[in-house]
Structures are given as structure tokens and as C-alpha cells.
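Chemist: Chains as they are written, first to last, in the working numbering: chain Y, 756 to 1118; chain L, 756 to 1118; chain G, 756 to 1118; chain V, 756 to 1118.
Keep in mind that the hints were calculated from the coordinates and are not lab data. Careful, some of the hints might be misleading.
When chains are identical, the list treats them as one kind, so a pair holds in a single copy or across two.
Capping the alpha-carbon separation at 27 Å, the derived lysine-lysine pairs in DSSO-like fashion look like this [claimed, not checked]:
1. 1082 <-> 854
2. 815 <-> 901
3. 854 <-> 1113
4. 901 <-> 830
5. 830 <-> 854
6. 809 <-> 1080
7. 854 <-> 815
8. 815 <-> 959
9. 830 <-> 1113
10. 959 <-> 1113
11. 1113 <-> 901
12. 1082 <-> 830
13. 809 <-> 1082
14. 1082 <-> 815
15. 1082 <-> 959
One letter stands for each residue in the lines below.
Number of protein chains: 4
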Amino acid sequence: MAGSTLGQLFKISTFGESHGFGIGVIIDGCPANLPIDLEYIQSELDLRRPGQSKITTQRKESDTVQVLSGIFEGKSTGTPIALLIPNEDQRSKDYSHNKDVYRPSHADYTYDAKYGIRDYRGGGRSSARETAARVAAGAIAKLLLKQHGIAIFAHVSAVGTIEAPNLSDLSIDELYLQREENIVRCADPATAHQMIDCIDQIRKEGDTIGGKVSCIIRNCPAGLGEPVFDKLHAELGKAMLSINAVHGFEYGSGFSGSEMRGSEHNDIFIPDGTNPRTLTNFSGGIQGGISNGMEINFRVAFKPVATIMHNQQTINAAGEASEIKGKGRHDPCVVPRAVVIVEAMAALVLADQLLRNKNSRLD
Amino acid sequence: MAGSTLGQLFKISTFGESHGFGIGVIIDGCPANLPIDLEYIQSELDLRRPGQSKITTQRKESDTVQVLSGIFEGKSTGTPIALLIPNEDQRSKDYSHNKDVYRPSHADYTYDAKYGIRDYRGGGRSSARETAARVAAGAIAKLLLKQHGIAIFAHVSAVGTIEAPNLSDLSIDELYLQREENIVRCADPATAHQMIDCIDQIRKEGDTIGGKVSCIIRNCPAGLGEPVFDKLHAELGKAMLSINAVHGFEYGSGFSGSEMRGSEHNDIFIPDGTNPRTLTNFSGGIQGGISNGMEINFRVAFKPVATIMHNQQTINAAGEASEIKGKGRHDPCVVPRAVVIVEAMAALVLADQLLRNKNSRLD
Amino acid sequence: MAGSTLGQLFKISTFGESHGFGIGVIIDGCPANLPIDLEYIQSELDLRRPGQSKITTQRKESDTVQVLSGIFEGKSTGTPIALLIPNEDQRSKDYSHNKDVYRPSHADYTYDAKYGIRDYRGGGRSSARETAARVAAGAIAKLLLKQHGIAIFAHVSAVGTIEAPNLSDLSIDELYLQREENIVRCADPATAHQMIDCIDQIRKEGDTIGGKVSCIIRNCPAGLGEPVFDKLHAELGKAMLSINAVHGFEYGSGFSGSEMRGSEHNDIFIPDGTNPRTLTNFSGGIQGGISNGMEINFRVAFKPVATIMHNQQTINAAGEASEIKGKGRHDPCVVPRAVVIVEAMAALVLADQLLRNKNSRLD
Amino acid sequence: MAGSTLGQLFKISTFGESHGFGIGVIIDGCPANLPIDLEYIQSELDLRRPGQSKITTQRKESDTVQVLSGIFEGKSTGTPIALLIPNEDQRSKDYSHNKDVYRPSHADYTYDAKYGIRDYRGGGRSSARETAARVAAGAIAKLLLKQHGIAIFAHVSAVGTIEAPNLSDLSIDELYLQREENIVRCADPATAHQMIDCIDQIRKEGDTIGGKVSCIIRNCPAGLGEPVFDKLHAELGKAMLSINAVHGFEYGSGFSGSEMRGSEHNDIFIPDGTNPRTLTNFSGGIQGGISNGMEINFRVAFKPVATIMHNQQTINAAGEASEIKGKGRHDPCVVPRAVVIVEAMAALVLADQLLRNKNSRLD
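Here chain Y stands alone, though its shape is the one from the complex (with noise of 0.2 Å):
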């Protein structure tokens, strides 16, 4: 059935295939009267496309941005705002060997399963490609999030067994600047240094590795989320794993915080004002599935790109064994590309609680 829509209020649906004519997005729930800044949402793009630097793909596309609907005078009107991104490099006879062939660790097989139909260049609707809607609407989310003051921050937090230090102590604007130093995408110069010779290093083996993206959220107020089904950190955690090759999602103490004691994970409440702080922050800004006005911060495994340049055995579509020859043009680590669709995933899943809790209660 349908399942291409995520959100209830700040509700968004995609389209299109890796090499149709295009990606595109719906979103239905942007509030009136939000300045849209078309630019900003093509410089969110720019971070996502294909072709920036030596470590990611050198497929071309410009992924350019094109509003159908919903912008009236540089403004939401209120009404749904449609986005299309034209795709430019359909070479879909690069693909043609896929027709009948399942790639390991693909979709392929899977969507011959489950619909005897598959849009067998690149991927189709499987391709990574799709998520260029995503950063586009995600793009949207943000612009209404800073109207309220709320940062999202992600970075390049491993590649491979290569991980950062905490960097809790800089600003979101100082981890966005020494993020953007780097093609690699990880705030922390010496790390990022070491993370870049890793992913050339497996590129020029036709390999590929997996990593890891942090994310942070500051200055969200305390009541975001729903209790019991549509958790804050629930709904986070769909979002992360609904991004192609994420294989897991923690937040605060995540997978750690299964060792720990009740007398060391607990957040000691400390008198601050009207907001109150805690001591520490194993909860990860969330209690009871709604935010409580800490710093949100979770983490999102990426296993490696399944494409790789070596040859590997397989089946065809009739149940045989076959191969698949190495070649094409793809990531050897996905997650310096995947840090833009991290945020915007997680300023969807705000954007849609935000609204959400204007109703929680009488005014």
C-alpha cells in the first residue's frame, strides 16, 4: 500500500526514480506565510549531490531545485508546496545489465518479490537518489524551525573504526564551519584528516566502508513528542532508519546505557529559572518520549555502499547463478553525503511535532 509519506501535520510525499525524469516532494502542512528562501534550499542540495569531491561519486548532477506549487511572492501560501528535481544523467544504458541479474545487498530482489515489477535502472525508486526530495523538504523544515530558534547539527562523527572526539563545547555556527573545512564532512580537523585517507585508501581498492553520523538539536523547547507510540526519539528513530543503509539508531546513552546502573544513568534535576537543567545528560534531551529542553543528540550507523568495483557471485532472475561484473560510478562511503539527509530528516520529524503540539493543550 502506500507508504511514500512521512509526518502527520508537517506531512510530506515523495516521488520519481533514480533515472525517470525526476525526484520530487510534496509537502501538505507548511503553515502560511513562511518565507521561502529557494536558495537556501539549493545550497542544502549542493550538499547532497553527487560529484562534490574525490570521496564521493563522480556521477553529475546539478540537482536543481524547481518549485511547482505552494510559493506565492517568496512566501508558503499554505497550500502544498511541490518541489521537482530534474534528473539530468540518465545513461540508463549503464544499467541494462542489472535487468536480470539481483545485486548483492541491493533492493533488487526484494522488489521483484514483493511487486514482479522493477524499475531496473539504477535502482529506481530504491536509489539513494530519492532522498534529494527529502533534503528539499527538509530544507523547507528548517526555515520554519529557525523561526522558533531551534539548530539541528550533524557531522561525520566515523568512517570505519575512525571516530571523533565529543565536541560538545562548540557552538552549532563553530561545528558548522570546521564541518564545512573538510570534504569528508566531520567537525573535528585531525579526525577528518584520518577519515579522508581512509575512504581514498578503500576507493582506490574498489571497496567500500561503512560510518557513523552524530546529530544534535539545540534550543528545542521542552514538551516536543507524543507519549507512548509517536515518541520523540521514536519518530526520530524511523526517520534515521528509513535512510537508505542505516542500520541502526541510538540516542543519549543509546547502546552504552544498557551497562549502566540506575544511580549513575539518571539526570539529576538542577534549579535553573523556569527551565530546568540536568546535571547530566544520559536521557539525550528526551524523558518520557518528549523533549525537556537539553540538547537532543543521537547517532546513526551506516553500513558500507553495496556497490563495489570487484566482481561478485550472484543470482538472476530465474533463480540462477550468475555475476556481477564491478564497474559504474559510486560512493565508497556514503555518510559524508548522508549528513545533510540526517538533518533533514530530523528537522521533518520536529517540524511535525512542533505543530503537533500546539493542540496538546486548552490555551
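Since the structure of chain Y is already known, use the hints to place chains L, G and V on it.
Modeler: Just chains L, G and V, lined up with the frame of chain Y:
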């Protein structure tokens, strides 16, 4: 806004507070003619209820389920199934000291911040007691899945730093038998022994400890899960993260997959009649968000229970420094009782996806 | 699939069958801190319950509402409000003759065709008894609307061909008083007298008769309703058509508007301070699907009750000719008891749109 | 909030304004492998487009549909189908006089009241041009229904007080042929002649006139529609009432049913092999909200178009008295172009219910 509903076609809505009239659930969308075994539902609730053993809370609740609607002559009728679990042990006076004080790492403060009003008796709606309704609904989802031969099994795979070994050679029946032979619900007897000792010691110290639950799903047909936002693992992740105290979710290779190379992580397809297998299963049975017919597996991290038997500093509703005195009847470790909740949530997600998949293609 | 839910933000889900344990409803999304007057809810249910007068069914049900969750110290807490109305008069044996026979113009055949199973006791879920849950939920919606000064009034405007005159000069309070002075619930005393005589005569003949309910909404602010699919009148129409026995809905000029010219139908705007008025109100208070601040008005057509005291030809579950014998305790005319159901459904739609409108624009 | 989506499983979301880039729709949930005939979609759009005859608006739009996604090698792939109909005739200057003036019985005032901003060019999103997207989506729904043998037919049954006779003896093919032989789209040639004369006269007077569209659905299997809120006729009613200018909906006996007795209104079941028939069809093919296999029929009332060629008094955005001068290119009567919109909306509702019904019972 409304947030107490999970699922789109096999849809549940829970209600109820810890110390009100009771806890309940409506299941809307269960197909008609499903035989409903009430004793089975009760036996599932018995795996979750308090007071089972020395390592769980000594609170007494029989958690007896009552059918309000939707079942006629032992079968579902296609109309909403409403189940009620009345509260029995409503010692509200135990909780009056919580009225104006925010317990650390509980939802007291965030509920007040969101709603401006809070049922302070035992956590009200934020109490894990709400999960009884999920277990009851999950039992009916399991009955539906059994009709399709799908089996779900979870057990305690870690308490603190004590980890169970891999048990993937055992059948579901063997795993279930071994799990139910001990009170910590770990399917490995030797590890279970250590875990019980650990929890018992923690309990005597008035402290609590975190842990992990691992879950597998066998005989799931290929094709379940919706691409893009409602990926099978994204729905599983959200469902697990919506359980009280969960701080992390990973499937397949999970967080460790982020340290791997594509050449080792890719799951090579093996010809095997109509249903292909993969040589390895780092994909955790899910590719592109859709089940591939292999075993689905995932892990869930639980933080330590916040209620400890120590005095703790905190603040009150006026923002002033206050103290919480350690008392009451709580779990030193939540995972033994959480095993059946994890299974229930997995069953609810799968039942929903099973129904959703009916319309993936023309007959 | 699931279909027992109405509303998106003020969302209700009903459950229960005519002769099972009871009828109930969950309201998910009611803002916190709304004072809940249980006596008011009960008084609304009393307007719908059977056995009120000689022109309604003589079946006896006290329809006593019971709160299961969501209300604490007299106020809504923001969590789901669950209400239960236990069944009392469960004479199941009265209905055993319906097990294998399809009553004409009832839902017996269609339920069997859809589900392959049917709770044949008194119509099961298809019984109008389900509307008791709607009235209880609607009473809470009315309490929310009262906080915003919005008032809803419905009355019986036609029984058969007996039509009430236009009463738009009266205040809501006057209309309510005049309506409750007679058992048919028509606000015009002279017409009420004729209607009662008509229904009493029909009843003596063992027959039934249709009728109409007219509803007005006053003091509704401009801006409620969503353009395109969820227009205010489209949501009202769906809500009314979902009431048992309703065969038609019209608002403003309605069907007679289809015979008019634009030059007479257009409602000319009149300058009037901050809130413009219109000279006429053929728009029925709604333009482009959005309220314009004028009085909203609509009419609902009810077919005659299908259960009559005559013997009728029909078929049984095997498709063979059979006969239904006229007996039981049923309403000769449903509209007097339907008045409060129409009001409840209107209140539920308006409450939902009121909450939805909170996010129409940036503050 | 978001309100541009219709349907739950066969789900459409429309976007676009009258004088922006274009009008479009995403269909999410169309089963895979459905052959998609683009010429058929275009032919349906041609029935709605302006400039068809002397009795429709003379505005020129080719309304050429463009596929953005979801169709591969002539078939649906199960992923979202996005369709775009670019605007051509964007004479924005024609509408600059509307910027600050509220046209009577249009949505100008209510959009401003709701959003505080309005795309004033030709009605923006409130323009009936939005229905082009519905017709395109409805064409795909019809292709799905054809696979199941379900046929839908609508025609103009009234213009002003000129009413067409009952034509139930004719086949769908005959009805279609007779309807398309005249420009008013009434299947009765004699009545069509009168209607055309009437509209032509009204047009010459610079006025407009209302009308009715009647619709039948044949070969619909028993079992479609969900009981309680999502009754088949409630969904049809909402869909019809969401069409611009619709003020009323009735099915089966409709408003006249409210004047009947139960003894004449009841539809007696007749034994007839596996699928029972009823002797009469006052139920309009729907009982208890579920189709019974008989012909479904309903009527839709359209008010006269608000734009007339006369000068009218009104107010401006400042609340001051103003005047609208009659000019522009508009329809004197909307029903000839609305016929295909009514069919499209009926097809969308039925396609959704067809998919929803797949899970009504265990296989």
C-alpha cells in the same frame, strides 16, 4: 495531538493509566474469522505481569484480560476488538509524594511541560503498565502471523555487560523452552545464571541495571515492508523505540556494520529453488526495507530503570531544589519482563505489513 | 481494514456491539485541561437512549457512561479519554431467529458478504446502538467548542411530508427550550403536534416513517475547514452520512440551489467592522470549504426504519426464500433520537477542524 | 494542516494553483503491474478541459498530462505515480483586479481569513482547475476498476429545473454513447436539447445556472465499504461534496426516502443463485454502508457558478464597500464539465475500498 495509535491496517489504539480504572486497547483491522484463543492472550500477559519472581517488582497485579467487543463465538468478526485489563493494585496513596516533585529521568517534568496537568499516580499514562495493552494486542497479532507460519522469538541477550552467546543453531521451540527455564528469560542457561546473580546483587544494593533484548523472526515471506519511509526495519525500530526505557535499536550488522567494508558485508545470493538464500545475513533479512525471506534479527537496548532505592536530589514543580526518597516496588532490571513486549511489538508491525502487502500488486 | 476512526486531531475510535459487553469510544487528541462535566455527558446520552417516550422504542437501556481513562481531578489530561457504556438489556434470545435470515434493508447480508461471519444479535456492530459512543464523544467535543463560544443546534424539521417552518429568528436558547418541550424534538410547537400524531398513527399500524433533521452552527469563527478534499461541508457530509439510515445531506442552498441562477444565489458581502457579513446566506456559512463566520446550516435525510411489525418475504443465508416475522421493540421513526447524534457528529467535525486550524499560518 | 490527500490505500495527493506552474497529483498505493494507457488518461482530461463548446468557458488549456514517475514500460511499478498538467494560459494580469477585492460566493475572503495570504490569480488553489488532477488520478482508478469489471457512468440529469427522465433500462455503453452525442452531456437527447437552449440563453444574459449530475456504478461486488464511519456512501458523499460548487448529495431513495414508510421503502430480497437481488433498490446498492451487489446510484447538486458578467457590490480586504465588474471567461453552467469529475471521484473512492476490502477476512 492524537498519538496513541500504531499501525495502518492492523491498527491498535491504547488507553489507560497506571492507577486509573484500567489499561486497554482497541484493535481495528483484524481480519474476520481469525480464531481467538483467550487463554493464549492471558498466557502472554502472564509473561509481562509484575510479581513473577524475585528479580521483578513485587507489585501484585493479576492482569486479567477482558473482551469488550469484536469476538463472537470464538472468532474475530472484523469489527474492533476491545480488550480491557482492569487495575487492581491501585495504592494511590503510595504516590502522593510525587505530586509536586519531578523524579529524575522519569516523564514527570516533560508531561507537566507539555500538558500543564499530570496524573501523578504511578506515572499515569507514562507508566510501563501501558505496555500490558500492547502485549494483549500483540498476542492477537501473533495468532494472525501463526496462520501464515511466521514465528517470533525474543530473549534477554545482555544484562549490564553480561552477554549471551549466539544461539542461531537452535530452533524456535528449543529457544523458547530454554528461555522459559529461567527467570531472567535468557535462552542460554549458563549466561542466565550469571545474569540472575547480577540482578539479585543490584537489587540488594537498591540499584537498577540496563540490558538488551534480541529478537528473531523466522519464516517471514519475502516482500513485507514498504520502501521509502515505512521500511520494515524502520517500522520495527519505531515500535521498539516506543517501548519505555529503550535507547537504541539495530538490525542485521547494526552498529558494527558501520565498521565493515562492502566486500565483507555484502550478502551473496545462493541459488536455492524458488526462494534464494544468502550466504551471510548482515542484511538481517531485510533489503531496501523489504523482507528477503531470510531470518530477520534485531537488538534493542534498554537503559536502567530510573526508580532506585536511594535518595536523590531533584527539583519540584516550583523549580526549587527538592529530594526524592527511595521507596516503592520496582524492577531492578526491566528486560526479563520486556521480552514479551518486544515480541508483541514485532508481531504488531509484521501483522500490519502482512496486510499492507496484500495490495502490492495485481492478483 | 480499520474503519472505526473519525477525525485527525480530535480523533475518536468506537467499539462495541448491540448485544455484547457494551459500547465504547476512545477520544485521542482532546487538549489537556479541559473541564469535563460527566453529568453533561450523561444528559446528552439521555437524549439518545431508548425508552424515552411513546414514539420511541420501548427497549430499556439506562446508557450509563463510565470513564475508563484520560480524566483526572475533573479535567482532561491530554491522554486518551476512554468511555464505556455497558449493555444491560441483552436479550440475545430475541434475535436467534435472525441468525440465518437476511432482514430486508438491514446490513445482515452485506456483513456476511464482507466478513463471512456476523454477530447476529440485534445487528451487532451495525446496530444504531453504536451511536451512543458517538454521542458521548460528541458531548466532550461540545465542551471544547463551548470554550470557543461555538453553539450547535439540531431539531426534527420533517417527519414524512410534515415540514417545520423556518425558525431562524430564534436564539439557540429559545430553539433548545422549544425543542425539548415536546417528545418529537421539533422546535416549532404546532408542527411538533402534527408530527407526534403522525408517528403515533404509523406506530399503531406497525409501520415506520422517515424524516429530516436540520442543524445550525452559530458563532463559528471564519477559517475552519481545509480546502480541497477536507472541506468543512465535505467533512460534515461524511459524518452525517455515516449515521445509520441517512440517505442525503445538503448545506446552504442545497439541492434547491441547483435550480437557481448565479445572480440570485451569490451572497453579497456587507461591510460590518472586522467581520464582514453577507446579505443572504445561500453559501450556508461555508465558502471554498472554509467557514466565513456566518451561520452554518445543513439538512440530513433519514430513511424509514427497516424493522416493521409486518411479515416480509426475504432469503436465508443459503439463498433460499424465507420469511421475516414482524416482532421486537423498535422505533417507528428514528429522527427524535437522531437529533443529538447529528449535533454530536457536527461537534466532532468542528472540534477536529478547530484543532487543525491552529497550524494554518505562522503565529 | 495537511488536507490535500484522499483515500487510505489508493491514496492521492494533489498540488498546484490555477495560474502557477501547473496542477499535479501523486497516486501512492496503485498496485504494481497495472497497464497504464496514457491516451485514456488524456481522453478523460479532454472531457473536463475548458473550451470544449459554446456552453463552456472559452479559456484555452490543452491540459496535456505528463508522467513524472511510477510507470515503467507501460505498467505501474507499485511506487508513487506522479502526474503533472502544466498551466498554459496564465494571463495573470486578468486577475490583478482581484487582489484586494472579495468576489461574492468565492473563496477569496475565507482563504484570507484562514491563511492571511492568498494567491489571487484566478482563485489559486481554490480554482476548479485543481480538479484536473483528480480526473487524471481518477482515470487510473478506472483502469484498476476495469480489471474487476466495475463500470461507472455519470451524466447531467438536471440543468436548473429541466430534469432528465429515468434511463435505467439502458446499458452503460448505450448511456455513454448517448451522452457524448451532445455538448451538455445528458444521456437523454430530448432533455439535452432543452438544457443546451437554457444554458445558451443564460450565457447570453451574462448569468449562470446550477444543475445536477447523476451517477451509477454497475457490477460492483458485494462487500465494498467499511461499516461505521467509512461507509461506502459516506466516502462517496465526502468525495462529491469536495468538488467545487457541490451543495448536496443523496443516494438511493435520498431526500425523497425521508417521506416514505418502511413498508414501501424496504428492498425485498429475491433468491437468485449465489448473488441475491432485491426487488426494489431504494437502498441504492448499499446497506449498512457496504455494497450489496445491486446498482449503486447517487445524485450530486451543483450551485450556479459564482462568476457572472454583471457588476456586483462587495467589500475589499480593508472591509470597505467595493464593486466587482463582470468580465472574464467562465462557464455559464458547470455540470457538463463536472460529469467526468464526478466519475473520477467515484472511481477513486471505489478503488480505495476495493483495496481496503482485501483484508476484511482471512483467505
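Chemist: Each hint needs a verdict: does it hold in this structure or not?
Modeler: Hints versus structure:
1. 1082 <-> 854: Close inside one copy (15 Å), not across copies (57 Å); limit 27 Å.
2. 815 <-> 901: neither (31 Å within a copy, 43 Å between copies)
3. 854 <-> 1113: Classified as between; 25 Å across copies, 49 Å inside a copy.
4. 901 <-> 830: Within one copy, since 15 Å is at most 27 Å while 34 Å is not.
5. 830 <-> 854: between (44 Å within a copy, 16 Å between copies)
6. 809 <-> 1080: Close inside one copy (22 Å), not across copies (59 Å); limit 27 Å.
7. 854 <-> 815: within (23 Å within a copy, 43 Å between copies)
8. 815 <-> 959: within (20 Å within a copy, 58 Å between copies)
9. 830 <-> 1113: Answer is both: 22 Å inside a copy and 19 Å across each meet the 27 Å cutoff.
10. 959 <-> 1113: neither (52 Å within a copy, 45 Å between copies)
11. 1113 <-> 901: both (17 Å within a copy, 19 Å between copies)
12. 1082 <-> 830: Neither, since 45 Å and 29 Å both go past 27 Å.
13. 809 <-> 1082: Within. Shortest intra-copy distance 17 Å satisfies the 27 Å Cα cut-off; inter-copy 60 Å does not.
14. 1082 <-> 815: within (16 Å within a copy, 50 Å between copies)
15. 1082 <-> 959: within (13 Å within a copy, 61 Å between copies)
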